[in-house]
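Chain residues, written in single-letter form:
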Amino acid sequence: MYLNAVTYNIPAHLFDSYQGRKVIVRSDNPNELVIYLSRANLENVLYAQLTSPTVELDLDPLLSWTCALPIDVLVRNPAAEYPLLYHFSRLLDKHPVRISIPVKEGFVKAVRLALALGFSVKLEVGQPDVCLIAEMAEVLDLYLHRSEVSQPVEYFHSTFLSFFNHQQSPNLWFVQEEDPEHFRFITNEGVETVSPRFGEIDWKDLKLIPGAHQTAPTLNKTECEGCEFFETCGGYFKWPNREFDCEGIKILFSRLNLAAEELRNDLVSFQELPGGPPA
Amino acid sequence: MMRNHLSVIFLPTNKCNVNCEYCFEDKTADRMSLGQLSTVIVKLLDFMDESSISSLTLHWQGGEIMTMPVEWFEQAHERIGALARARNKRVDHGLQTNMIAYTPRWNGIVKEMFGNSVGTSMDYPNLYRKMFRGGPDDYTRIWNRNIQSARAAGIDVGVISVPNRETLKVGAESFYSFFVDELGITDFQVNTPFPGGEQNDTKRGLELENEELSRFFLDLTDVWVERGLAEGVKLGPIDQLVAHFSGEPSCLPCIWQSNCADEFISIDARGFVAQCDCWVTSYPEYFFGNIFEHDTLAGLLKNSTARQEFVARPAAIVDKDCIECDYLSLCHGGCPVRTYTMRHTLLEKDPYCQLYKSLFRHTQTVAARLAGARVDRTDLRETLIHTGKGKSCGSSSQTTAAAGWQTQPLVQLERRKALS
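Protein chains in written order, with the working numbering: chain A, 1 to 279; chain B, 1 to 420.
Same shape as in the complex, but just chain A:
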């Protein structure tokens, strides 16, 4: 889906300027989203993004909107703000909803509640320290082993699928919607950048972004060289600090890989039950 097109994350007020292009439309105001999007063909809109969720936010415009456009809710301070996810749970009856959660101290609470309410989750992961890796491991355990979790947690889900299917899949740059070949972030002032995480780097200066294309020569001398997960990761965790130690990240990758292998084996055994699998 959209693999060959550039998707622009744009502020809602620039919507008209990006007609005909693939877009993610963001605003801190549900009413503004509905006003701009209601008058347009939504074929090219990947999803709408609410950027500053608060409990005071009036969701009625989105709830009474008959279009079931997917909504991404970007939580800024997950440890403190996570209870407000209850406020957004009503959106699930009208829209597919994903909660984007920055990997900051205490973020696991936000993930637990988001999954309990039936939201999809995307981790805005960055370069996590040891404590955050421990929280990520807790989230990974929820994702892999808790039967009540029925929604994807990215980037775990795409990674798990690529391991499970033994397929060449888009790497984490794409999964995290930061691959400069496929995603651009348009600032509120209309400046085209790669993503907020890349600051002022011009999207044309791709060589500064290691691993985005798996061609950056600088990567060959880093931990990425020979890493068994490089194909899946693409050097994603080596930005912005190229000296970042991936040990914890690789443990998470290993657990995902092991779980995928276990499930594959289980399904094979299941099919081979005497008389076939039970109805």
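By construction, these hints were calculated from the structure, which means they are not laboratory data.
A virtual CB, placed ideally from N, CA and C, is assigned to each residue, including glycine.
Accuracy of the hints is not assured; some may be wrong.
[Said to hold, decoys possible] If the Cβ cut is set under 10 Å, some of the chain A residues that face chain B in the computed set are:
{"no.": "1", "residue": "Leu84"}
{"no.": "2", "residue": "His87"}
{"no.": "3", "residue": "Asp93"}
{"no.": "4", "residue": "Val103"}
{"no.": "5", "residue": "Leu113"}
{"no.": "6", "residue": "Gly118"}
{"no.": "7", "residue": "Lys250"}
[To be verified] The following label-pair restraints were derived from C-beta to C-beta distances:
{"no.": "8", "chain 1": "B", "residue 1": "Glu231", "chain 2": "A", "residue 2": "Pro102", "range": "24 to 34 Å"}
{"no.": "9", "chain 1": "A", "residue 1": "Glu105", "chain 2": "B", "residue 2": "Asp49", "range": "53 to 63 Å"}
{"no.": "10", "chain 1": "B", "residue 1": "Glu293", "chain 2": "A", "residue 2": "Pro102", "range": "42 to 52 Å"}
{"no.": "11", "chain 1": "A", "residue 1": "Asn188", "chain 2": "B", "residue 2": "Cys254", "range": "18 to 28 Å"}
{"no.": "12", "chain 1": "A", "residue 1": "Glu228", "chain 2": "B", "residue 2": "Asp326", "range": "25 to 35 Å"}
{"no.": "13", "chain 1": "A", "residue 1": "Pro102", "chain 2": "B", "residue 2": "Asn19", "range": "52 to 62 Å"}
{"no.": "14", "chain 1": "B", "residue 1": "Gly247", "chain 2": "A", "residue 2": "Arg76", "range": "29 to 39 Å"}
{"no.": "15", "chain 1": "B", "residue 1": "Cys251", "chain 2": "A", "residue 2": "Pro274", "range": "18 to 28 Å"}
{"no.": "16", "chain 1": "B", "residue 1": "Asp295", "chain 2": "A", "residue 2": "Arg197", "range": "47 to 57 Å"}
{"no.": "17", "chain 1": "B", "residue 1": "Leu34", "chain 2": "A", "residue 2": "Thr66", "range": "26 to 36 Å"}
{"no.": "18", "chain 1": "B", "residue 1": "Cys251", "chain 2": "A", "residue 2": "Thr66", "range": "37 to 47 Å"}
{"no.": "19", "chain 1": "A", "residue 1": "Asp16", "chain 2": "B", "residue 2": "Ala316", "range": "40 to 50 Å"}
Assemble chain B onto chain A, guided by the hints.
Frame of chain A; chain B shown alone:
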């Protein structure tokens, strides 16, 4: 404001014909006229239009619903049908009655309006359900006679039962036998007691210890699995929890929804709107407003500070200890009315938390055991259950992040719609 489907606990009369000591409703003599009914229905349909809601379920009760004349219902059904058809809306009806005033005259409207099905209530042993003249035995005798008469007429009778101290003494086996073997009931639900409404000695002693009550529910689960499951006996909420933990479609009660304020409202004979039947009859300070005094239901709900307290409750209590609970996705802090009537605040979790957790754990184990029996290979059972992603990862279409999160919730939405 509400889900795609609107549910209303509807009390066209606040009057009752019996004198149960533990009733959580404070009764009045008010009854709704057909004209008032039409006004309420129009405002509900307006609200549905504004909120893009296509279907409505009216859960009719009182007071006691059968204190209203059969003819009133016949006309009500006709009026509601005409109003709904004109707005292209679907309206379904459910009936909850004590069955004390039931006569065969009700059979026609029960069939036509309520799908030939009624819900009623009885406890075992019956300690608190009484006539105005006569004790619990008289009540039980009349109730039993009437439900047998209704069943003989082909009406499906579902029963809600509330355990009391004597229930715990006689135990789950006797309780189950009374309803299923003795009365022939195959659809019943067990609710926990709470002391709603004006206090009396009975209500002050109504709360049961979590540990004893848990033992009863767990024993009842085992009795049902052994004797009822294969026979198709429905025993809520136990059967729905087992279905839930088996990965089957399930319909869990209102006390375990993420927020009951998003699920339904209640309207009484005076037009008052509140969260549910206990609130609308017994706690004026928690009324959302009066539907006859507001232009729109949407405006009434939006401007109600009382309603905001209900809406905010799960978020306000989740950080206490619910967030660490393994069953957060099932419960979200439980029932506001049980909390309020037993702890005098909305901002605590349900006092029956320990019972719920015990029941969740036990039914989860039962579901695993049943799955194991189906697979007939215990070594595979644990693996299949604990590798929860098996149910979704086989889909080859989920190959990108975007496709994954956009499609999966839609599946859930459809499943929820199918259940409603």
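Outcome of the hint check:
1. Leu84: holds (6 Å)
2. His87: Given a least distance of 7 Å, the restraint on His87(A) holds.
3. Asp93: holds (5 Å)
4. Val103: Cβ of Val103(A) sits 16 Å from chain B, so the hint is violated.
5. Leu113: OK, holds: Leu113(A) within 10 Å of chain B, min 6 Å.
6. Gly118: Check passed: Cβ of Gly118(A) comes within 6 Å of chain B, closer than 10 Å.
7. Lys250: violated (21 Å)
8. Glu231(B) to Pro102(A): 24 to 34 Å: For Pro102(A) against Glu231(B), whose Cβ atoms are near 52 Å apart, the range 24 to 34 Å is violated.
9. Glu105(A) to Asp49(B): 53 to 63 Å: Once the Cβ atoms are compared, 46 Å apart, the range 53 to 63 Å for Asp49(B) and Glu105(A) is violated.
10. Glu293(B) to Pro102(A): 42 to 52 Å: This hint holds: roughly 46 Å between Cβ atoms.
11. Asn188(A) to Cys254(B): 18 to 28 Å: At roughly 43 Å between Cβ atoms, Cys254(B) and Asn188(A) fall outside 18 to 28 Å, so the hint is violated.
12. Glu228(A) to Asp326(B): 25 to 35 Å: holds (33 Å)
13. Pro102(A) to Asn19(B): 52 to 62 Å: For Pro102(A) and Asn19(B) the Cβ distance comes to about 59 Å; the hint holds.
14. Gly247(B) to Arg76(A): 29 to 39 Å: holds (35 Å)
15. Cys251(B) to Pro274(A): 18 to 28 Å: Violated - the Cβ-Cβ distance for Cys251(B) and Pro274(A), about 36 Å, lies outside 18 to 28 Å.
16. Asp295(B) to Arg197(A): 47 to 57 Å: holds (49 Å)
17. Leu34(B) to Thr66(A): 26 to 36 Å: holds (33 Å)
18. Cys251(B) to Thr66(A): 37 to 47 Å: The hint (37 to 47 Å, Cβ to Cβ) is violated, given that Cys251(B) and Thr66(A) are roughly 26 Å apart.
19. Asp16(A) to Ala316(B): 40 to 50 Å: Given a distance of about 41 Å, which is inside 40 to 50 Å, the answer is holds.
Of the hints listed earlier, those the structure fails to meet are numbers 4, 7, 8, 9, 11, 15, 18, in rising order.
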